[in-house]
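Participant: Residue numbers (numbering that gives the first Met the number 0), protein chains in the order written: chain H, 0 to 366; chain Z, 0 to 619.
Think of the hints as simulated: they come from the structure by calculation, not from any bench. Please read these numbers as outputs of a predicted model, since none were measured by experiment. We put the beta carbon where it would ideally sit given N, CA and C, even for glycine. Wrong hints could be hidden among the right ones.
[Unchecked claim] For the chain H half of the interface with chain Z, some residues (derived, Cβ under 7 Å), not all of them: (1) Thr132; (2) Thr174; (3) Phe176; (4) Gly237; (5) Met238; (6) Ser276; (7) Ile280; (8) Val282; (9) Leu285; (10) Ile287; (11) Ala294; (12) Tyr295; (13) Thr303.
Below are the chains, spelled out letter by letter.
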Amino acid sequence: MFDRRFVQYFDWGLLGLAVLLGGLGLLSLYSVVTAGAMTAQKILYLKQLIWFGAGLLLMVVCFLFNYKLLDRYAHAVYVFCILLLIAVLFFGKHVSGSQRWLVLGPVSIQPSEIVKIAVIVVLARYYSKNAYTRGFTLRQLFTPVTLVLIPFALIVRQPDLGTALLVVLIAGSMTVFVKIERRSFLYLFTSGTVAIPLVWFLLKNYQKQRILTFLNPDRDPLGAGYHIIQSKIAIGSGMLTGKGFLKGTQNALSFLPEQHTDFIFSVFAEEWGFVGSAILILVFLLLIVWGLNVAYSCRDPFGTILAMGICAMIFWQVVINVGMVMGLMPVVGVPLPFVSYGGSSIATMMIAIGLLINVSMRRFMLE
Amino acid sequence: MDKYLKTADSDWYKQRIIGVILCVFACFAVLFVRLFFLQIIKGGELRRLSENNSIRLQRIDPFRGIIFDRNRKMLVDNRPSFNVNVILRNARPVDQTLNKLSKYLGVPDVELAEKIAGQKRISSYKPILLKQDIGRNAVAAVEVHKYDLPGIEVNVKPRRHYLYRQSAAHLLGYLGEISSSELNSGKYPELRSGDLIGKLGIERAYDHYLRGKSGGRQVEVNATGQVVSILKTVNAHAGQNVYLTIDQDVQEKAEELLSGVTGAAVAIEPSTGQVLALASSPSFDQNTIVGGMTHEQWQAFVTDPLKPLTNRALQGEYPPASTYKILTAIAGLEEGVIDENTVFCCPGHYRFKGRDYRCWKKGGHGCVSVVQAIAESCDVFFYQVGQAVGVDRLAWYAKALGLGTISGINLPHEARGLIPTAAWKQRRTGIEWQEGETLSLAIGQGFNLVTPLQMAVMVSAIANGGTRFKPEILMKVETAEGRLVKETEPMITGKLPVSPRTMELVKQGLWEVVNTDKGTAKGARLFGLQVSGKTGTAQVIGRKEGEEEDADLPDHLKPHAWFVAYAPSDDPGIAVAVVVENGEHGSSAAAPIAREMIKAYLLKDQMRRLILANSGKGKQ
Chain H
0 MFDRRFVQYF DWGLLGLAVL LGGLGLLSLY SVVTAGAMTA QKILYLKQLI
50 WFGAGLLLMV VCFLFNYKLL DRYAHAVYVF CILLLIAVLF FGKHVSGSQR
100 WLVLGPVSIQ PSEIVKIAVI VVLARYYSKN AYTRGFTLRQ LFTPVTLVLI
150 PFALIVRQPD LGTALLVVLI AGSMTVFVKI ERRSFLYLFT SGTVAIPLVW
200 FLLKNYQKQR ILTFLNPDRD PLGAGYHIIQ SKIAIGSGML TGKGFLKGTQ
250 NALSFLPEQH TDFIFSVFAE EWGFVGSAIL ILVFLLLIVW GLNVAYSCRD
300 PFGTILAMGI CAMIFWQVVI NVGMVMGLMP VVGVPLPFVS YGGSSIATMM
350 IAIGLLINVS MRRFMLE
Chain Z
0 MDKYLKTADS DWYKQRIIGV ILCVFACFAV LFVRLFFLQI IKGGELRRLS
50 ENNSIRLQRI DPFRGIIFDR NRKMLVDNRP SFNVNVILRN ARPVDQTLNK
100 LSKYLGVPDV ELAEKIAGQK RISSYKPILL KQDIGRNAVA AVEVHKYDLP
150 GIEVNVKPRR HYLYRQSAAH LLGYLGEISS SELNSGKYPE LRSGDLIGKL
200 GIERAYDHYL RGKSGGRQVE VNATGQVVSI LKTVNAHAGQ NVYLTIDQDV
250 QEKAEELLSG VTGAAVAIEP STGQVLALAS SPSFDQNTIV GGMTHEQWQA
300 FVTDPLKPLT NRALQGEYPP ASTYKILTAI AGLEEGVIDE NTVFCCPGHY
350 RFKGRDYRCW KKGGHGCVSV VQAIAESCDV FFYQVGQAVG VDRLAWYAKA
400 LGLGTISGIN LPHEARGLIP TAAWKQRRTG IEWQEGETLS LAIGQGFNLV
450 TPLQMAVMVS AIANGGTRFK PEILMKVETA EGRLVKETEP MITGKLPVSP
500 RTMELVKQGL WEVVNTDKGT AKGARLFGLQ VSGKTGTAQV IGRKEGEEED
550 ADLPDHLKPH AWFVAYAPSD DPGIAVAVVV ENGEHGSSAA APIAREMIKA
600 YLLKDQMRRL ILANSGKGKQ
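Kindly generate the complete structure, drawing on both the sequences and the hints.
Facilitator: Okay, structure coming up:
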């Protein structure tokens, strides 16, 4: 029953990279809860440690079964996650104006995180079944668009624009990867360029203001703009080698907002400088390329598209988060994978790595 | 040739993955360049900024809207208040600095140290308020010795200022720090802990107009906390100005006459329902509240047995006493129990079911019709009318006239009052309604409770011929620049179920109360003006049978005095309800207050008409 090749082909590299990133995250979180203004919240560190351990277990579970089972049960996984999102709408906990959490006894989970995996799985199934080298026509794209719009609408309702945007970006990347047929692409492109100005005219003035502020945080110097300035000061003041572990002053005086979640990179960059931050980004790059190599080596379309979708998820979250704290991107609440505080985020990322390992260690099965 | 990709042929995918990897490299290259730019190229500059935590956010407080009366007389505005703050990291050694500062302020340094110790979260770079609203001399002293007082700063903040001391305090309300329950309610997303919010009256009811929107600026500060440059500014938006329907002259007149006694007075314009005055006594000084009271002062204030915070005009519930006879008369006439010619004879008491019900006039009123009964306030007449109408029909008329119901005035904590029915008593006490109780009810004693505002609404509806309006307190709202935001319209809440003939009889009775020799309120007469009204004397304790006149009662058991009125009788411009707690007689304690309020309002009105008429002539 147990094939020795599983051990032989086991992807220790992926596991190592994930553990390394998680470790760096715990390091930064430690700095936030000891040196930072959140010293009263040392419990957060412990919680993150527990979630990290639980994530490792989930990862093991996710590479033990054959990922082809996912192909078969893709719809069940999808429906289950959508039901979780609907449950949030009814029973979710309200936290500062949004409703994103399901409270299950001692733990709170954020279903919008795990939904990203469900969307990747269900799209991988659909695209792998219907792929042609000429690409997908508009008619064929109807189903995947519907599959994405349902969770998108539910997440926008919470509201959690960052995650909703991510779902669309991941799905879009996967769709472009499996190719859109040339004429359909042109059609989509032109109708899009025509529709955007039209929609702009229909918007109310305050809605336009909101979008402009979202695109350019400087327009809101007392809110997002101020946060970005503080974040840029924190990152820049790290200079080449950083201020040293637990010595970040921007961190210590709580000038950074959400320093344990969305702005954790700023804390890290302030303390470890260009050397440390460049290494952190390089590790992410390595992880993504490693994952794409898994997709490359896999000989089964479902596995390839699945691995590609997971890489897209990690890629977008890193680029949006790091880009935002450095002032390159709009201010959106997207956690930095493995590093930001947040149980659901860590668990989702560990599941993603588990699935990558799963695809990687079973590549021989088709040879 | 297009190829179906279901098979394991993955060369096509491999090519596309190479494309994907190139895109990933390109994006990460941008991240690296940006990182390099921030940390290496701009690193030195940003390190310097971080050293002093130099970029700070300063809040710009909005100017709260001003409150005016109906004649554009300013009632509430803002004045500058000079506050002393300390920034701990710049004030070292703190003890020494506080010691020096205490001399200039004339405050013991222990008190200043307590302010710092009292902070929930001490932060060394955020200003901590030491003392607010210091005098101009203290400002001068601190500013002169500025270099001797490191880390001490004086800033100017607008402070709410109530121009007429103790006047309309309940109506206007006051400001206070937002409470944690208000913050958590989610109704004020833009407010933070420490922000001021209206806590009572107009300040609370129209807080959303008055508040405005705060702005702020990003500033760069140097190592000692001085602002070096202003980076960005978002201007604050001033709050909107509120115009009330109140006539401050009438309001002040009512308060002047109520001073020293406990009670309330309400005046309404009958043709619109606009409230001209809403006074409650005793009052309080809002300026001392917004100036900050100590815990002891506040405790003494809220536990004062006279309850100065209670707005008796709309929270005070009193038995209506004889003013209720207006209602009993209407019910009797409309139900056909009596007509204008019905006469009951009053020997000074009325025997019903083996018990004597007394009339206030020992010798009796003789035989009287409804108009005379109102004018002379004959109890025996109304005992018989009430008995015939019955408790539940009386309650129906009371509700129709606005008693025992919320008037809908846009002010917090309005009381409902109480109009009993037989079913209510059964439910409440488990005891059946006794017919004798209807007799007490008919003359406004018993379970009945009404607020002065309800009585003013009722008499105003009678004055205008039968239309009940929602009492309106707000005239209009304007922006600071004078653009109209909102203007209120009279709102009808009901028509009185009263025929014109009944109305005529009741009005005749009310006129005779003031203007005939037998009337009970001769003290309300005004030279050159016809006033109509009704007195009332509400027993605080039940009169026992056989007990003699209650002249020697202790003060707190003396009856409450009522007077409701409107004027001029033929074309009413103002309706008034006045209650004086333990004032004994409506005619002597309450009627003169109503008279002076009417005078203050109508004389000015007549003067205005005269001037208008003269200027019209001038043009011809």
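Participant: For each hint, tell me whether it holds in the structure or not.
Facilitator: Results for each hint:
1. At about 4 Å, the closest approach between the beta carbon of Thr132 (chain H) and any beta carbon in chain Z falls short of 7 Å, and the interface hint on this residue holds.
2. With a least beta-carbon distance of about 12 Å to chain Z, the hint placing Thr174 (chain H) at the interface is violated under the 7 Å criterion.
3. Interface restraint check for Phe176 (chain H): the shortest CB-CB distance to chain Z comes to about 6 Å, inside 7 Å, so the restraint holds.
4. The beta carbon of Gly237 (chain H) comes within 6 Å of a beta carbon in chain Z, closer than 7 Å, and the hint placing it at the interface holds.
5. With its C-beta approaching chain Z no nearer than about 4 Å, Met238 (chain H) sits inside the 7 Å limit, and its interface hint holds.
6. The interface hint given for Ser276 (chain H) is met, as the beta carbon of that residue sits about 6 Å from the closest beta carbon of chain Z, less than 7 Å.
7. Restraint check, Ile280 (chain H) versus chain Z: the minimum CB separation of about 6 Å is within 7 Å; hint holds.
8. A cut of 7 Å between beta carbons decides the hint on Val282 (chain H): the least distance to chain Z is about 11 Å, and the hint is violated.
9. For Leu285 (chain H), the interface hint is violated, since its Cβ never comes within 7 Å of a Cβ in chain Z; the closest pair sits about 10 Å apart.
10. Interface hint status for Ile287 (chain H): upheld, as the beta-carbon distance to the closest one in chain Z is roughly 6 Å, under 7 Å.
11. For Ala294 (chain H), the interface hint holds, the least distance from its beta-carbon to any beta-carbon of chain Z being 6 Å, beneath 7 Å.
12. About 5 Å separates the beta-carbon of Tyr295 (chain H) from the nearest beta-carbon of chain Z, less than 7 Å, and the hint is met.
13. With its C-beta approaching chain Z no nearer than about 5 Å, Thr303 (chain H) sits inside the 7 Å limit, and its interface hint holds.
Comparing the model with each numbered hint stated earlier shows that hints 2, 8, 9 do not hold.
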